[in-house]
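Undergrad: Read top to bottom, the protein sequences are chains A and B. Note that my numbering gives residue 128 to position 128 of the first sequence, counting from 1, and the numbers run on in steps of one. Note that my numbering gives residue 183 to position 183 of the second sequence, counting from 1, and the numbers run on in steps of one.
Hints listed in this document are in silico derivations from the structure and should not be mistaken for laboratory results. Keep in mind that the hints are not guaranteed to be accurate.
With beta-carbon atoms standing in for the labels, derived distance ranges [unchecked claim]: (1) B:Ala109 x A:Val97: 38 to 46 Å; (2) B:Glu260 x A:Ala34: 26 to 34 Å; (3) B:Gly351 x A:His84: 22 to 30 Å; (4) B:Tyr107 x A:Arg93: 38 to 46 Å; (5) A:Ala47 x B:Leu313: 21 to 29 Å; (6) B:Leu145 x A:Val4: 50 to 58 Å; (7) B:Ala75 x A:Ala47: 28 to 36 Å; (8) A:Arg26 x B:Lys344: 21 to 29 Å; (9) A:Ala15 x B:His108: 53 to 61 Å.
Yeah, the Cβ is synthetic: ideal placement off N, Cα and C, and Gly gets one too.
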Amino acid sequence: MTIVLDPALLARLDALQQKYVYSLDRRDMHGWLACFASDGRYTLTSAENQKMELPVGMMLDDCYERLRDRVKFVEEVWNHAVEHYQSRHLISRDRCVRGAGMDLEVSTSFSVFFTNAQGHSSLLTVGHYEDVVTEQDGALKFRSRLAVMDTAVPPRYIIYPI
Amino acid sequence: MNDASSFQAERSWQDHTKIPYTLYTDDSIYRQELDRIFHGPFWHPVALEAEVANVNDYKTVTVGETPLIVTRTGAETFNVVVNACAHRGVQIATAFRGKATDFTCPYHAWVYDCAGKLHRVPGEERFPEHFSKEESGLKRLRCVLWNQVIWATFDDETPPIEEFFGEVTDSLMAALGGGQRKLKLLGYQKIVFNCNWKVYMDNDGYHAGLLHTAFRMLGYQGGQARITADGFPGHWGAHYEALRIVDNGYLADASLIRTEGDEKTAAVNLLRPVTQVVKHLNSINFRFGRPLGPHRTEVHYTYLGFADDPPELLQHRIRQSANLLGPSGFVSIEDGAMFDRVQKSMSAPEGSINFYKGLKESPDGRYSLQNDEAGNTPWWAYYRSLNLVGS
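Full structure from sequences and hints, please.
TA: Okay, structure coming up:
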């Protein structure tokens, strides 16, 4: 396991991370989907579940079909009833290593704020990502993005992925 | 609404199908509910047996606003104590779940066993004569293991548990596998709904085919099962042969809505004061609730499978549980959205929550249909009998 120090590679990794949060904070679910590899998966859970090794968390998209369905949930299914919020992701990469294969293993802290329709802002969740990033068709993509919330009890229901 | 008009609304409240908003917003009403309901003659679920699977496993939980520790002390024996040292009230256990053979208060090192009995008191020789170690244990609650759930009550007058649930027992047992198969813990989804705990519990069957876009897109309109309301506080439950949802191609991964194996039944239960137990498709979900003041409710969606599930079915349950019926679920995110939106309107003067559908055929709400809201009204008849009045 080697710590990645190559500035060019880290810049490409940061570009992927930025595309991810740029898309979510503009509610561009297709932009979010485009961050994943064709065998990509996304999981949102709590640190509490993770420590207890419990597999059911808040969201579990363990195949590309489920990632596609999540785009539909947000864009088509839930639109008429949920109270949308403006999300704002602040992220900070704290580790990037190359494992035995070619994939990168990356850890990144996040804090996500939400602002409701009345303009009131609060912290939605804080935690970290555990990612596996791969090269596909000349671009870096998430093979796996696991978002682990330190926040066991978010202050409102979560609509969009973190 | 000012205090005077709030007082008026509650004093003049006669119709238990038309509930004044102030009963959902008033702080003094909430304080009376803690005393009369949460500390009253009710059985509260405090842990699933699967959450404290081994001897000396414990779980902390809050009923009303009282923190508790639930400990397994033997194969089928459990203890429920108030999580506060008898000396200065320090919280004894801080973890959500853990393992302990005894509990030591960190402040003055008083040591209790898992049954709450006080064993060691440093410096006891200099305590006054009237101090009694026997009388200074952690406060214990009466508890019972029933249907793989540990239930506790603060009140000596609480009726036996099967009498408490009455005819709702059948659908409750059906939701948890009928009592024949051992349940296995799969994970938690915890959330705060920004609504009064009674708004969360007012959820009905009427809305299912109307609110939930997911059902409409899948061409599913639910069933016509019978809802039974019973027990003195008006629990309700429905247990029915669920129609299988036919894959119409809308979802790329239709396993989310597929029922695997021979599990044909669905069961929904609202247990007073603030518990819901639901089985839909292959997802089994026990929802522990607690009020956080009059305006917020915390719910722990606790997902279960069976210990003897074959690996493929277990994996299917996990995948379905995470995405279908939780606070961010494909179908049920809209329930939480409605809870929050109801509460936001409740500061409007002289408003009320109204129940209509199904009362034509079932004026007492005892037996109604799945897509009705009449089954919610026996609870409100009980609640009205408490005569709570705001200050």
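Undergrad: Find the hints from earlier in the document that the structure breaks and name them by number, from lowest to highest.
TA: none
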